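These protein sequence lines are chains A and E, in that order. Take my numbering: the final residue in the first sequence is number 440, and no numbers are missing along the way. Take my numbering: the final residue in the second sequence is number 1987, and no numbers are missing along the way.
Everything labelled a hint here was simulated from the structure, so no lab data went into it. Incorrect hints may appear among the rest.
What the hints assert, rightly or not - Here are a few chain A residues that sit away from chain E, every Cβ distance over 12 Å (derived from the structure):
{"id": "1", "residue": "Thr171"}
{"id": "2", "residue": "Asn175"}
{"id": "3", "residue": "Leu184"}
{"id": "4", "residue": "Pro241"}
{"id": "5", "residue": "Thr249"}
{"id": "6", "residue": "Arg280"}
{"id": "7", "residue": "Gly333"}
{"id": "8", "residue": "Phe351"}
{"id": "9", "residue": "Ala352"}
{"id": "10", "residue": "Pro380"}
{"id": "11", "residue": "Leu411"}
{"id": "12", "residue": "Leu415"}
Unchecked claim - Facing chain E, a subset of chain A residues (Cβ under 7 Å, in silico):
{"id": "13", "residue": "Ser187"}
{"id": "14", "residue": "Ile193"}
{"id": "15", "residue": "Ser204"}
{"id": "16", "residue": "Pro282"}
{"id": "17", "residue": "Leu334"}
{"id": "18", "residue": "Asp336"}
{"id": "19", "residue": "Leu406"}
Computed from a predicted structure; not experimentally measured. Cβ coordinates follow ideal geometry from the N, Cα and C atoms, glycine included.
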Amino acid sequence: MTSLITSLRNAWETRFYRWIDQRSPRARQVHLNRKNLYTFPNLTGLLYTAITFVIWLLGTNYQNNLILALSYLLVSIFVVSILHAFANLAGISIRFVGARPAFAGDPAAFVLELNCINKAGCDNLELRWPGGETQVITLDHNEPQQVIVRAQSVQRGYLRPGRLLVQSRFPLGIIRCWTWLNLDASALIYPAPIFTDEPHAQASNGREEGGTSQRGGDDFSGLRDYQAGDPIKHIAWKQFAQDKGLFTKEYEAYLSAEKWLDWDSLNHPQELRLSGLCYWALDYERRQIPYGLRLPGLNLAPALGEHHQQAVLTALGEFNLPREAKHAR
Amino acid sequence: MLAKPWRPRLTPSGKPPKQAEYLARDKLAWLLVMQAMLILPLLFNLPFWLWLVWAITAFWRTQMFRGRWGTPGSLVKTLLALICAGGLFASYAGKTGTETMVGLLVCAFSLKLLEVNSGRDAQLLLFIGFIITATQFLFSQTPQAAAYALLCVVLLLASWRSLYLTHAQSTGMRFKRGGMILLHALPIMLVLFVVIPRLGPLWAIPNQQAAKTGFSDSLSPGDLGNLALDRSPAFRVGFADQPPPVNQLYWRGLVLDTFDGRTWRMRDTWGVQSRAPNDDKAIKRELTDYSIIVEPHGQPWLFSLMTAQRVENTSNSIRITADSLLMNRIPVAQRMRYQVSSALQIEWPEPPQLNKLQRDNYTRLPRDSNPQTRALAESWRSQNLGDAQIIAQALALFNREFTYTLQPPLLGQHSVDEFLLTTKRGFCEHFSSAFAFLLRAAGIPARVVVGYQGGRWNPVENYLLVSQSDAHAWTEVWIEGTGWQMIDPTAAVAPNRIQQGMNEALGESDQQLVANAWRSSKLLYNLQLRWDAATYTWQRWVLNYDSEAQEGLLSRLLGGTETWRITLWLIGLGLVGAGLFAWALLRNQKGALLRPETKAVKKLEQKLAQLGYRRKTGETLGDFIHRVLYSEPQLKNGLTQIAQLFEQVAYQNRPEQLPQLQQAVKQFPR
């Protein structure tokens, strides 16, 4: 029974969204107008209707024309608030500016630019990707504003956040005016950094790594703040038990030298390998050890710096994506 | 992708902790003001300690906001609610009525404030606020009350809107925007008010108690004299045609037919009797139609001219008794309107008869009371005078020796004897009482009628205002072959009382007693007339706008009341409204996309286009002007100035140059 309802509901939603998509095809910039805005009373609106009915009953039973007039006034306010809710959103244009990359599992930030050509501006505007958190903003007349709306990412690759929900309950909260925008937006998602064994350059590459590359973990050098992905065995439990916070014991075992993030040096499934490479890329960058990336069909020479890190992470995020995911770019 | 540098976020992803909802300072302030304003008019009709309840909760809530006091626990809240309920129970002595209901509502409205922590709670509080506003009308329905309630609605809308506002806005602006919503809603409300059909009460409601005003169901010497100073309106009459002459304007209220020597009362069976069956055979003359809006007087009887034939009101609660009086099912607690049709003259095809029981009733007098009057009547009877002659004799006696005054001497046990033979000074109740007694003693059936006589004609709206001071008592006498006949003994003493109203009939000292400031000034008198006319219009078209008035108005406005006609009109009005809305929306957005300096340049382009130069897409303004100047060098001054000004306004952040730019474009090419 439940499954029947669920499947019916899914079928209905699919149909509905298809209809929505037909009405608002994918675009980088969208203007809100009567073609793509919907209005409907919400639960508060229902309660309001009940209150109106109570007042009408009071007026009818006491044969009191002024109370009746008040109940009619409430009905009129309801009607007018539909128009006001619509006017609040009509005239807004929304443009997708860009997205900041994120690690898989983290929310990705999509930057939108909104402008409102209503003289009165726009109040209490809520923006949300499906499953994401709601961003509430206010727009002034003809003053473009950039807003970050985050969407939750699950896996590396290109994240298509789906339809952007744009809604407002202003001015009276009894009418919800909303739309789903099919913005042409996507964000690159890097692999989630996960601790693995340190990748080693293969001897076959003909380059021996410089310095002494002892397996790290022998010489305790100090404590630093815990960061996600740090191995559990390196956590300073003693300090944690003393309520000083979560720290990671650092073992300075490496002498500065170039490191290679070599695809072949790790023996894991693909995604875990990429996550491991990602972890070590961040680790080297933090410790200022130049590092290079060696993926099947791609070689990035060892270097340091933000641009290099971005190039490495981008390569990891884009590596060997399924065809349709690539297409989404 | 953004070129902005990014930082790897290695912390475990998680949404920021959701903030506990709380009500901002301004929102709370709005709620407090709104509550105070809504409750204020109710407190005049409710126990005054309710004000204290509100003050305590408001103070508590403020302290909660400041973090001084804690949120009351459920035990405290229950205790507070119980105290309020108990207080109401004590104040109303356990009676449940409209006031108790409204009192409970006000208590709940006040106590709810302690629970308001989120926007959702505040929303609920506002909704209760609308019901509170509605209950204001249970106690007062004057235009002032309506204006006050409208103000309350503006305040409610402004604070309601504030709940959803996400940026700072001045108080005046909030009022303005809230008022805008009301302003937009009012036309729709008017249409709904005019068009929506009215229903009768759906179920019985607890009776409203109205203070009893006017005369009571008994008449003793001095009763009506007290009313003579009361200027408050009793009812207002609108006539379908010309009003009858003033000496026929006897508004019958009650028939008193039992006398105990001092006081006239109704028989107990009054009101149960149905109408006389032979009535239908009577020939009715001088039918007069009129509609009356009566002020609530807390009594079941209503007023009509002799003899009421037909009566109508919305809830069909009025019937006509055997004495041709109008009787409402319940005491009149609210202003109500009814239509009456009266036959001023009635002729009977065969002479009406009183049966033995009725004749006994209408001639019965208490034994041993007023012996001297009794003796006088019997002496007239023994002179072999007929009924008509006895009546004439009595009226002549009044006319000869009696004085009409507001300040009669006090009368004792045998009130009629003292009045007739000793004091000889009295008000209408003295004359009617003595007259009826005389006739009864002579064996002629007679009864006292209480009601109003005359009224003040208002030429502004053409209606008759009958005030409490018009209260009057007269007699009805059974004439063989004719039936009950109205005879006013006061008219025999002071004919002016009937023709021109009480003031003209009184002596000088009495006139000073009733003198009012407005009487002395023509201007004030006119103002008074206009104010009362406005009240009458308000009552007629707003308070008593019922299905009948609705039908009349609609057929006058639309030319008929068929469903299709009303539907068409509604659709038309809806289309007009939608059109207006679309126009307003477009006007608000039109041209807003362009900055003013761009608009000015567009205007310049239009002017150059007339000269045959068109700006290409992607061509800068400078390039375009260069191109124009190449072949039109005489335009150099104007165009270079415009280019410079545009440069300054658009790119050098000097908006103060904008008027010059607009001016230059306007004057171009001269």
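Results for each hint:
1. Thr171: The assertion about threonine 171(A) is violated, with a minimum of 5 Å to chain E.
2. Asn175: violated (6 Å)
3. Leu184: Violated, since 4 Å does not exceed 12 Å.
4. Pro241: holds (15 Å)
5. Thr249: violated (4 Å)
6. Arg280: Arginine 280(A) is in fact no farther than 12 Å from some Cβ atom of chain E, at 6 Å.
7. Gly333: holds (18 Å)
8. Phe351: holds (16 Å)
9. Ala352: Given a closest Cβ separation of 20 Å, the condition holds.
10. Pro380: The assertion about proline 380(A) holds, with a minimum of 22 Å to chain E.
11. Leu411: holds (18 Å)
12. Leu415: holds (14 Å)
13. Ser187: holds (4 Å)
14. Ile193: violated (10 Å)
15. Ser204: violated (9 Å)
16. Pro282: At about 5 Å, which falls below the 7 Å cut-off, the nearest Cβ of chain E leaves the hint on proline 282(A) intact, so it holds.
17. Leu334: Given a least distance of 16 Å, the restraint on leucine 334(A) is violated.
18. Asp336: Violated, because the Cβ-Cβ distance from aspartate 336(A) to chain E comes to roughly 10 Å (cut-off 7 Å).
19. Leu406: violated (20 Å)
Hints 1, 2, 3, 5, 6, 14, 15, 17, 18, 19 from the earlier list are contradicted by this structure; the remaining hints agree with it.
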